[in-house]
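Given the coordinates of chain C, work out where chain L should sit on it, guided by the hints.
These protein sequence lines map, in sequence, to chains C and L. So the first sequence is numbered by my numbering: it starts at 17 and just counts up by one. So the second sequence is numbered by my numbering: it starts at 17 and just counts up by one.
I should point out that these hints are in silico values taken from the structure, not numbers from a laboratory.
No copy labels: a pair is met if it fits in one copy or bridges any two.
Pairs of lysine-lysine residues, derived as BS3-like cross-links and limited to a Cα-Cα distance of at most 27 Å, are as follows:
1) Lys118 - Lys22
2) Lys118 - Lys23
3) Lys135 - Lys69
4) Lys135 - Lys118
5) Lys23 - Lys69
6) Lys22 - Lys69
So the chains spell out like this:
2 protein chains.
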Amino acid sequence: MVIDFKKAGGLVPAIAQDAATGQVLMLAWMNREAYEETLRTGRAVYFSRSRNKLWRKGEESGHVQEVREVYVDCDADTILLKVHQIGGAACHEGYASCFFRKVEPDGLRVVAEKVFDPKAVYKK
Amino acid sequence: MVIDFKKAGGLVPAIAQDAATGQVLMLAWMNREAYEETLRTGRAVYFSRSRNKLWRKGEESGHVQEVREVYVDCDADTILLKVHQIGGAACHEGYASCFFRKVEPDGLRVVAEKVFDPKAVYKK
Chain C
17 MVIDFKKAGG LVPAIAQDAA TGQVLMLAWM NREAYEETLR TGRAVYFSRS RNKLWRKGEE
77 SGHVQEVREV YVDCDADTIL LKVHQIGGAA CHEGYASCFF RKVEPDGLRV VAEKVFDPKA
137 VYKK
Chain L
17 MVIDFKKAGG LVPAIAQDAA TGQVLMLAWM NREAYEETLR TGRAVYFSRS RNKLWRKGEE
77 SGHVQEVREV YVDCDADTIL LKVHQIGGAA CHEGYASCFF RKVEPDGLRV VAEKVFDPKA
137 VYKK
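The shape of chain C in the complex, shown without the other chains:
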């Protein structure tokens, strides 16, 4: 096995980066099962720490991530996915990237526009 899943309780961080633009979209977690399903299916599968189960990204919203390339870091405990984000937004809040807030001296500032309305997509 090329990934060291023993660190951090069986979970390693996985960064999703837009394969075309280089924008960092999100960071989530993978256990061995999520990693293997990602490689097998070509769609990003994470492990949800809050729900404690596999999280097939986009299974509710349809905004799946098609995995173009997978990289591993020098310590073999972080994964980098280059993806094509269906729907144009990785963040459940409707932004292209989960990193839509910038740290400034007086606090956080939202620096992106929403791509979709979360209420409409998730029907909540």
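The following block gives chain L in isolation, referenced to the frame of chain C:
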């Protein structure tokens, strides 16, 4: 405090991305002290899980990371740094990025050239 350091034992993942090219350079960890020193000094400071202490990136090699921008994700538990990497290489193995290995059907393949010789830089 804008970052949720309570998750994962006081440490959150921090992604370093090249501010100019968008290349993802590395992922490391920050505790509150590392985060605050990073903001105060404008240089990336992480927390080394293996050495269990603050890690002022580049303090040995001189390859510091000048922090241009800091972003926080939607859950406020992951940090994205846009940096200028002094020396051109973030990885202690001499590569620009720690993600120099690509996952392929038959294993890992090195897909980058070394920027420096680690033996010369770290004098080991």
